[in-house]
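Undergrad: Make a model of the complete structure from these sequences and hints.
So the sequences go chain by chain: A, Z and C.
Residue numbers 0 to 213, in numbering that gives the first Met the number 0, belong to the letters of the first sequence in order.
Residue numbers 0 to 319, in numbering that gives the first Met the number 0, belong to the letters of the second sequence in order.
Residue numbers 0 to 532, in numbering that gives the first Met the number 0, belong to the letters of the third sequence in order.
A couple of the hints might just be wrong.
[Unchecked claim] Listed below are the simulated DMTMM-like cross-link pairs for lysine to aspartate or glutamate, each with C-alpha atoms no more than 25 angstroms apart in a straight line:
| id | chain 1 | residue 1 | chain 2 | residue 2 |
| --- | --- | --- | --- | --- |
| 1 | Z | Lys170 | Z | Glu197 |
| 2 | C | Lys108 | A | Glu189 |
| 3 | Z | Lys46 | Z | Glu66 |
| 4 | Z | Lys287 | Z | Asp305 |
| 5 | Z | Lys255 | Z | Glu279 |
| 6 | C | Lys489 | Z | Asp52 |
| 7 | Z | Lys139 | C | Glu488 |
| 8 | C | Lys454 | Z | Asp173 |
| 9 | C | Lys108 | A | Glu58 |
| 10 | C | Lys498 | Z | Glu54 |
| 11 | Z | Lys287 | Z | Glu263 |
[Said to hold, decoys possible] Rough simulated footprint, nothing fancy, chain A against chain C, three-plus residues with beta-carbon under 8 angstroms:
| id | stretch |
| --- | --- |
| 12 | 202-208 |
| 13 | 211-222 |
| 14 | 262-276 |
Keep in mind the hints are simulated off the structure, nothing from the lab.
C-beta: ideal position from N, C-alpha, C; glycine also.
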Amino acid sequence: MSSTHAKLDHAHHFNSADHEFAAGKIGMWLFLVTEIMLFSGLFVGYGIFHYIYPEMFREAHHELNKVLGSINTIVLLSSSLTMALAINAIQRDKPELAKKMLAFTFLCACTFLCIKFFEYSHKFHEGLLPGKFYSNTELKAPNAALFFSFYFVMTGIHGIHVLIGMACIAWIYIRVNRGDFDSHHYNAVEFVGLYWHIVDLVWIFLFPLLYLVV
Amino acid sequence: MSSLALNFLPAASVSADKFNLLLHFLIVTSIVSFVLCIGAGFIFVVKYRRRRDNEHTPYIPHNYLVEFLSIFATSVVVAIIFLWGWYDYSDFIAPKLGEYEINVIGQQWSWTVQYAEGKTLMNEMYVPRGRPVRVIMTSKDVTHDFFIPAFRVKQDAVPGQYTNLRFTANKTGDYDIFCAQYCGGAHSGMIGIVHVVEPDDFQKWLDGMYRAPVAAAGAAAPTMTLAERGHGLYQSKTCVTCHTIDGSRLIGPTFKGLYGSKVELNDGQTVVADENYLRESIVAPMAKIVKGYPPQMPMFTGLVSDEDINALIAYIKTLK
Amino acid sequence: MSHAANVNFYKASSGLKNWLITLDHKRIGILYLYTTLLSFVIGGIFALLVRLELFTPGPTIMSQQNYNRAFTLHGAIMVFWFIIPAVPGILGNFFLPIMIGAKDVAFPKLNLLSYYLLILGMAVNLYGLMAGNGADTGWTFYTPYSIRTGANVVSMVLGVFLMGFSSILTGLNFIATTHTLRCPGMTWFRMPLFVWAIYATAVLQVFATPVIGITLLLLAAERFLGIGFFDPKLGGDPVLFQHFFWFYSHPAVYIMILPGMGIISEVLTTFSQKTIFGYKAVAASSLGLAFVSFLVWGHHMFTSGQSLVANFLFSLFTMATAVPSAVKMFNWVATLYKGSISLKTPMLFALGFLFTFAIGGLTGIFLGALSIDMHFQATYFVVAHFHYVMMGGTVVAFFAGLYYWFPKMTGKMYNEMLGRVNFVLFFIGFNITFMAQFVLGVNGMPRRYYDYLPKYTGWNQVSTVGSWIIALSVIVMLFNFIWSALHGEKAPMNPWNSKGLEWTTQSPPVLENFEHTPTVTAGPYEYGTPVHA
Chain A
0 MSSTHAKLDH
10 AHHFNSADHE
20 FAAGKIGMWL
30 FLVTEIMLFS
40 GLFVGYGIFH
50 YIYPEMFREA
60 HHELNKVLGS
70 INTIVLLSSS
80 LTMALAINAI
90 QRDKPELAKK
100 MLAFTFLCAC
110 TFLCIKFFEY
120 SHKFHEGLLP
130 GKFYSNTELK
140 APNAALFFSF
150 YFVMTGIHGI
160 HVLIGMACIA
170 WIYIRVNRGD
180 FDSHHYNAVE
190 FVGLYWHIVD
200 LVWIFLFPLL
210 YLVV
Chain Z
0 MSSLALNFLP
10 AASVSADKFN
20 LLLHFLIVTS
30 IVSFVLCIGA
40 GFIFVVKYRR
50 RRDNEHTPYI
60 PHNYLVEFLS
70 IFATSVVVAI
80 IFLWGWYDYS
90 DFIAPKLGEY
100 EINVIGQQWS
110 WTVQYAEGKT
120 LMNEMYVPRG
130 RPVRVIMTSK
140 DVTHDFFIPA
150 FRVKQDAVPG
160 QYTNLRFTAN
170 KTGDYDIFCA
180 QYCGGAHSGM
190 IGIVHVVEPD
200 DFQKWLDGMY
210 RAPVAAAGAA
220 APTMTLAERG
230 HGLYQSKTCV
240 TCHTIDGSRL
250 IGPTFKGLYG
260 SKVELNDGQT
270 VVADENYLRE
280 SIVAPMAKIV
290 KGYPPQMPMF
300 TGLVSDEDIN
310 ALIAYIKTLK
Chain C
0 MSHAANVNFY
10 KASSGLKNWL
20 ITLDHKRIGI
30 LYLYTTLLSF
40 VIGGIFALLV
50 RLELFTPGPT
60 IMSQQNYNRA
70 FTLHGAIMVF
80 WFIIPAVPGI
90 LGNFFLPIMI
100 GAKDVAFPKL
110 NLLSYYLLIL
120 GMAVNLYGLM
130 AGNGADTGWT
140 FYTPYSIRTG
150 ANVVSMVLGV
160 FLMGFSSILT
170 GLNFIATTHT
180 LRCPGMTWFR
190 MPLFVWAIYA
200 TAVLQVFATP
210 VIGITLLLLA
220 AERFLGIGFF
230 DPKLGGDPVL
240 FQHFFWFYSH
250 PAVYIMILPG
260 MGIISEVLTT
270 FSQKTIFGYK
280 AVAASSLGLA
290 FVSFLVWGHH
300 MFTSGQSLVA
310 NFLFSLFTMA
320 TAVPSAVKMF
330 NWVATLYKGS
340 ISLKTPMLFA
350 LGFLFTFAIG
360 GLTGIFLGAL
370 SIDMHFQATY
380 FVVAHFHYVM
390 MGGTVVAFFA
400 GLYYWFPKMT
410 GKMYNEMLGR
420 VNFVLFFIGF
430 NITFMAQFVL
440 GVNGMPRRYY
450 DYLPKYTGWN
460 QVSTVGSWII
470 ALSVIVMLFN
480 FIWSALHGEK
490 APMNPWNSKG
500 LEWTTQSPPV
510 LENFEHTPTV
520 TAGPYEYGTP
530 VHA
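TA: This is the structure:
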């Protein structure tokens, strides 16, 4: 979005770097709004089907592994903390600390996806697949396939967001390493941070909705 | 008959009469407000057209009285229309005393009409004049919409659930049924007829004793040959929706030259289209699917009599 | 300040490559111009084919299947390729920054990305049309038909998803631009109404489009994985798709019409040399419409079996939209009062807009009344109504805007005579085509019918003949634009004697829009002399 070359302080159509930063921030927040609207569609769909089939949702959700889900929640929350610390470090002109924090965030994201991978393969094994591929015979509630459709679609789209987040974090890491940022120029770090917080926030909703159904 | 009349749709139900009253109110209100607004604009354009360059114009940024009055007047009018529409609508859909219930199932691309007394019709419906009717609908495949323009009512038929359509017909006669929710393929062929008859005649019809005043298509008029009767059935039993008689392709294979021909099936076999094949294809269409065509045809078991099948086969034989 | 400050943006650099990777909002606007006009012609050809097929009952020129594909393509192309990107993409891109005194949009690279996402979306659609066997679902993709049909729905859906992303990024860019790049003195209430309209549109693009995005992804997943959300066989609810679809697609109607309304405010004030009547009311009604548009989606589903309460509320809110729309109409007409009215082509189109949009709006009230909708829903009355709004509204306003800003965009004057011929043909053809469809709808002819009962033949033929007149008028327009761009008279800086900021720079504008950043000291429509000083 915004490029901070050494020779050019800010893009030609802005008055100053602060001006450009302010515009970028508006843009980023609007983008986050679209992300929330995107997931809202899924949440509304979930709400409707939970209302229609409360028994089925209750029975089906026991198939999810609450321990792994909880670990993943903690992992993502810690990654949000380190992301915030990374921004803080850049603001205080401490690129080395920022790099450590970014690396830790990246590792957390990897851990999250690894755990997700194990959860998924377990579900595949049990035949707990979405929609027409569903082949489990143990669950008694009718239409249990719907729950797993929600599970895979919601965590799948979230997982794609985690992947994109990891790519962004890696890109930021490289740029910090290159010395692109200092306490006056850190737009990109801040924006990736905002994005990463939204990815976490979505998980904070997904976890109770899918793992802790009442 | 084609015409350029503005209104050539009969009104044959209680709701149609109410509909027409509100429609006329709307048309008059709209024309009045259109003429007031656009007419004023037209007068301004004529009166204040530019006569020379650099004319002075007054600076009128707003006029709160005019703005308030226009907003107020608009709100009042649309509030009246909203309440009127709601009032009529809640009456259209409200359960009535002594409703006669009819079941309708939509499927690509025909309507099956079932009566509690045991009759089953296709794309055809008999209703008694003057008695409230409740049509209970669902669909076998995709969403359809049961629409009777002369009654001014319609309702979607949604797979997996029941929906209701209510009306009280008040004029005898035959009226169109359309499908008004796009359902693919032969959507525009998913049409039928509703016969509004006197209550006595309706009872007779239920008992199998009714003869329509004008011979319905396919009914056995003594002068008709078997093939002529088959032609009537070809239309009234909706074969026409999917099968042509001129060799062109619709949803199903054409009837032209069908009898006696060799038919290739989707499992690779070839059969000769003789009487037994034609009969089976009518009563159990899924048994043999012609190669390159979808397994789409509804089962006509119970919807056509043996006499009807004979007539249809006789008709197909004439299509060389 | 750039060294090329006083060279116009066409001459600032040359070569195809400089056009294709340009970051200049004006050039991107021109790219959108070519793309969306081409889309309009393609969508129009499908419309003509559909009308020709309906010239007689039964088969006329094509098979049933091809007819179903033709109207699907007409709808999808006109909506997603043309009408949503056209006005924001061309006129919004070109003029929004100039009208607020900015040098560019806030995020030029993102702007170029939006354009290429649109192209990519079109390419995915086209791939589906060529490689698969087209789509036959109608542009609304209703389930469960769209799940069951053998046609190529996925390419249609993914293409639209990409175009939706393009629309979101455009909206986001315009909001950020409007918030941060207004020149000194350009307060919110000194912004031209076109900017307000584009701003309101952008809000809708950002808030509503993600919902269609997720809906279409779910539909694609439904076809790939059979997830069952919309499939009754797996416990899903097909009507839920309609709710999701219209939650976007109703606001999308305002994404389509609001920019057009903005154009009308500009053209009417300029050609009557008079300040707009009720500036704040017109600006507020844009935002009001944008807001209410989120609450009325269910009026597309009055006969779907949704609950009584839902029908009551959706009908009520639908009626409420009549008020801000009427406010705009009244204020536009009042603006003409005691003006100095010049009937140049843009003004003819703007006045034509008042005429056709009034009909579109009034017939919308018919459809909002529940008992009336029981009959009109899904008939040609609906088809006629939304063409009066979309074509009689947006497209007419779009033509008005193209003629109005043609001198600024190209530096040449269009041919006035051809422009007027264009208008007269269009106006006559349009009203014949769609008035006839109102009559068909009143008499109960359902939409999307390949075949119809013989009694409907007469009005169908009238409508088809009307469509030929429209086609002729569009040919005249395209000829006028191409010929004038090449051979037209050189345009002065301000041919219409307008007070708008965009007319204070060269025609065509310089690379950074103004030689010196302007300072604004008054509102956008300061025509005339105060009555009470």
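Undergrad: Compare the structure with each hint and give your call.
TA: A quick look at each hint next to the structure:
| no. | hint | in the structure |
| --- | --- | --- |
| 1 | Z:Lys170 x Z:Glu197 | 9 angstroms, holds |
| 2 | C:Lys108 x A:Glu189 | 19 angstroms, holds |
| 3 | Z:Lys46 x Z:Glu66 | 23 angstroms, holds |
| 4 | Z:Lys287 x Z:Asp305 | 20 angstroms, holds |
| 5 | Z:Lys255 x Z:Glu279 | 18 angstroms, holds |
| 6 | C:Lys489 x Z:Asp52 | 21 angstroms, holds |
| 7 | Z:Lys139 x C:Glu488 | 65 angstroms, violated |
| 8 | C:Lys454 x Z:Asp173 | 15 angstroms, holds |
| 9 | C:Lys108 x A:Glu58 | 49 angstroms, violated |
| 10 | C:Lys498 x Z:Glu54 | 15 angstroms, holds |
| 11 | Z:Lys287 x Z:Glu263 | 10 angstroms, holds |
| 12 | 202-208 | holds (count 4) |
| 13 | 211-222 | holds (count 7) |
| 14 | 262-276 | violated (count 0) |
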